[in-house]
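Number of protein chains: 2
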Amino acid sequence: MKELSELMDFRPSIKVVDATLRDGGLVNDFYFPEGFAKALYEANVKAGVDYMEFGYKADKEMFDVKKFGPSKFSDDDYIRSVVGENDTDLKIAVMADVGRCNYKADIQEKANSPVDLIRVATYLHQMPGALDMIEDAKKKGYEVSCNIMAISNSQESDLKVALDLLGKSSVDVIYIVDSYGALYPEQIARIADIYGEFAAKYNKKLGIHAHDNQKLAFANTIEAAGDGVDYLDATYASMGRGAGNCAMELLLGFLRNPKFKLYPVIKFIENHMNPLKESGVVWGYDLQYLMTGVFNQHPRTAIQFTKDKRKDFSAYYMEVTSQE
Amino acid sequence: MKELSELMDFRPSIKVVDATLRDGGLVNDFYFPEGFAKALYEANVKAGVDYMEFGYKADKEMFDVKKFGPSKFSDDDYIRSVVGENDTDLKIAVMADVGRCNYKADIQEKANSPVDLIRVATYLHQMPGALDMIEDAKKKGYEVSCNIMAISNSQESDLKVALDLLGKSSVDVIYIVDSYGALYPEQIARIADIYGEFAAKYNKKLGIHAHDNQKLAFANTIEAAGDGVDYLDATYASMGRGAGNCAMELLLGFLRNPKFKLYPVIKFIENHMNPLKESGVVWGYDLQYLMTGVFNQHPRTAIQFTKDKRKDFSAYYMEVTSQE
Numbered sequence: 027m028k029e030l031s032e033l034m035d036f037r038p039s040i041k042v043v044d045a046t047l048r049d050g051g052l053v054n055d056f057y058f059p060e061g062f063a064k065a066l067y068e069a070n071v072k073a074g075v076d077y078m079e080f081g082y083k084a085d086k087e088m089f090d091v092k093k094f095g096p097s098k099f100s101d102d103d104y105i106r107s108v109v110g111e112n113d114t115d116l117k118i119a120v121m122a123d124v125g126r127c128n129y130k131a132d133i134q135e136k137a138n139s140p141v142d143l144i145r146v147a148t149y150l151h152q153m154p155g156a157l158d159m160i161e162d163a164k165k166k167g168y169e170v171s172c173n174i175m176a177i178s179n180s181q182e183s184d185l186k187v188a189l190d191l192l193g194k195s196s197v198d199v200i201y202i203v204d205s206y207g208a209l210y211p212e213q214i215a216r217i218a219d220i221y222g223e224f225a226a227k228y229n230k231k232l233g234i235h236a237h238d239n240q241k242l243a244f245a246n247t248i249e250a251a252g253d254g255v256d257y258l259d260a261t262y263a264s265m266g267r268g269a270g271n272c273a274m275e276l277l278l279g280f281l282r283n284p285k286f287k288l289y290p291v292i293k294f295i296e297n298h299m300n301p302l303k304e305s306g307v308v309w310g311y312d313l314q315y316l317m318t319g320v321f322n323q324h325p326r327t328a329i330q331f332t333k334d335k336r337k338d339f340s341a342y343y344m345e346v347t348s349q350e
Numbered sequence: 027m028k029e030l031s032e033l034m035d036f037r038p039s040i041k042v043v044d045a046t047l048r049d050g051g052l053v054n055d056f057y058f059p060e061g062f063a064k065a066l067y068e069a070n071v072k073a074g075v076d077y078m079e080f081g082y083k084a085d086k087e088m089f090d091v092k093k094f095g096p097s098k099f100s101d102d103d104y105i106r107s108v109v110g111e112n113d114t115d116l117k118i119a120v121m122a123d124v125g126r127c128n129y130k131a132d133i134q135e136k137a138n139s140p141v142d143l144i145r146v147a148t149y150l151h152q153m154p155g156a157l158d159m160i161e162d163a164k165k166k167g168y169e170v171s172c173n174i175m176a177i178s179n180s181q182e183s184d185l186k187v188a189l190d191l192l193g194k195s196s197v198d199v200i201y202i203v204d205s206y207g208a209l210y211p212e213q214i215a216r217i218a219d220i221y222g223e224f225a226a227k228y229n230k231k232l233g234i235h236a237h238d239n240q241k242l243a244f245a246n247t248i249e250a251a252g253d254g255v256d257y258l259d260a261t262y263a264s265m266g267r268g269a270g271n272c273a274m275e276l277l278l279g280f281l282r283n284p285k286f287k288l289y290p291v292i293k294f295i296e297n298h299m300n301p302l303k304e305s306g307v308v309w310g311y312d313l314q315y316l317m318t319g320v321f322n323q324h325p326r327t328a329i330q331f332t333k334d335k336r337k338d339f340s341a342y343y344m345e346v347t348s349q350e
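Going down the list, the sequences are from chains C and F.
Residue numbers 27 to 350, in the numbering used here, belong to the letters of the first sequence in order.
Residue numbers 27 to 350, in the numbering used here, belong to the letters of the second sequence in order.
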């Protein structure tokens, strides 16, 4: 049983990472309303959030800049247009996917960039690519984290090899990522234990990025926090792909560090997230995501179900289970 | 850390209690569409649910029968009109609130009733009333459970006195109830530990009834299940007062006893719960409930906020915190 002090007191090493523009951008092709990013930045500063993820560093050879909003590419100039010189305690993050980022050209030296943290996202089979990106970013002067995605479908022995490779790399933070929203808190505790062994051995920090397919994104995030995981991803109103993420408003309601403020989060949701939802942008927990979560599948068929505005959940159940 | 076997295997003593008509009825004054209760009963039978709660046994001197649907009063005749002689493994439950139930007159001998389980609901200060109802129901031949409500606002020492009184009574099951949706899984683990001491000493079973104010109803329910709690309340599509309850579809997706089937639950939600929601009946997690949960308050102001169709969440935040 965890210590009560974990709830009543706080661990200063816990960092909150706002992923709204990045994971949220996956549901609207990164087209946020005028002024949204700036207002979000200001809300994050007021709320005491530690990192704000601006989006992906997507390769412009692969993705048409005319078909996505600016957070798909997160150019330094775009970020500067929002944060200026960013004279705040809020750090700026961007995500770089292995195989979809021309990182040698598109990621500048840290000295010339408003970005603080490069978040490398990888599947297990792409580890050498991830390691090259990690060393590139580190050499340029950034903090670097690495998300190993889709671990609920991976072999524990493979995962341990990857964790050992990351341990030996320059990465600062290793993320537990429940891409399919398939994991229960008990499993998060066990996984945090495995990651924790490597973190202790190699002096790395840990993070968690959860999905809400089974309404467990927040529960899994605080479970991980209680297990020693320090970097906690969240999004306003849970905005994110499919079922969405751990809600910022739940997370800041839970954390006891007095630097965190709930009110600016509520205010931002009222003024920006709820209007976004009312404008027709769709995300969040629903039965189709529950099903891919329960059956530990990629949410892509559930996302299609949502796009098609289908309501025949029982027929979809048959489709999902026929893929088993 | 809990045993992996808790996830992979199952504990046959775990019982699932469907509370849709009772807790769900609180949001529509128990006016469910024609055929709803019967279809729900059939879904529960197919899904392997153990108990179906039909509603309250409300005192007709206190509540006008013309202002509520039949599940407010749960007359035996009404229940029989749905379940006939109930030749199934599904047991029938009703809830009786201390101070709002004319139990001596309105609860018949078990031999003449389709009801199996009487669920007594009490606040700590009403314990003598609860004990009288428990003994009355037990003498009439029923299984009896007792919900101690609003424990997140109670003193632990008072709670222990109540648990000792219940231990010495004829009650079969003692329920952990998070009325305000204020508790985190770590706290549930500690509370289950306290309840567990009394359960072991007096040979009682334990149950849990959770609310979804912080999207933790399911997480808290499976935390409790892992801590030895056997009776798990859930409602279809989380229907229940305010933020609602632990979702039946999440719970049956989690439990590994092969007698539980998810498909009939999905089917019922598609055919009955989603149309109910589309007809304008409102329940479920939202920011106003998060706030009463975080600040450990009764949800009544949040329910009023919902009824008034207010959207000024930041103003409501100021109202909630001014009550601290």
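In case anyone wonders, no lab produced these hints; they're calculated from the structure.
Please note: incorrect hints may appear among the correct ones.
Since the list gives no way to pick out one identical chain from another, each pair is judged satisfied if it fits inside one copy or across any two copies.
Calculated lysine-lysine pairs in the DSS-like style (CA-CA distance at most 27 Å, straight line) [as the list claims (entries may be wrong)]:
id, residue 1, residue 2
1, 231, 333
2, 231, 93
3, 335, 303
4, 166, 285
5, 335, 287
6, 194, 86
7, 166, 93
8, 92, 165
Now for the hints, and whether the structure bears them out:
1. With identical chains, the CA atoms of residue 231 and residue 333 are never at most 27 Å apart, being 37 Å at best within one copy and 45 Å at best between copies.
2. Taking identical chains as interchangeable, the C-alpha atoms of residue 231 and residue 93 are never at most 27 Å apart, the minima being 36 Å within one chain and 59 Å between chains.
3. Proximity of residue 335 to residue 303 under the C-alpha cut-off of 27 Å is found in both arrangements, the shortest distances being 16 Å within a copy and 16 Å between copies.
4. Neither within a single protomer nor between protomers do residue 166 and residue 285 lie at most 27 Å apart by alpha-carbon distance, with minima of 31 Å and 57 Å respectively.
5. Taking the closest pair of Cα atoms, residue 335 and residue 287 come within 27 Å of each other only across two copies (26 Å); inside a single copy the shortest separation is 37 Å, beyond that limit.
6. Taking identical chains as interchangeable, the C-alpha atoms of residue 194 and residue 86 are never at most 27 Å apart, the minima being 31 Å within one chain and 72 Å between chains.
7. Proximity of residue 166 and residue 93 under a CA criterion of 27 Å is satisfied in neither setting, with 30 Å inside one chain copy and 70 Å between copies.
8. With identical chains, the CA atoms of residue 92 and residue 165 are never at most 27 Å apart, being 32 Å at best within one copy and 75 Å at best between copies.
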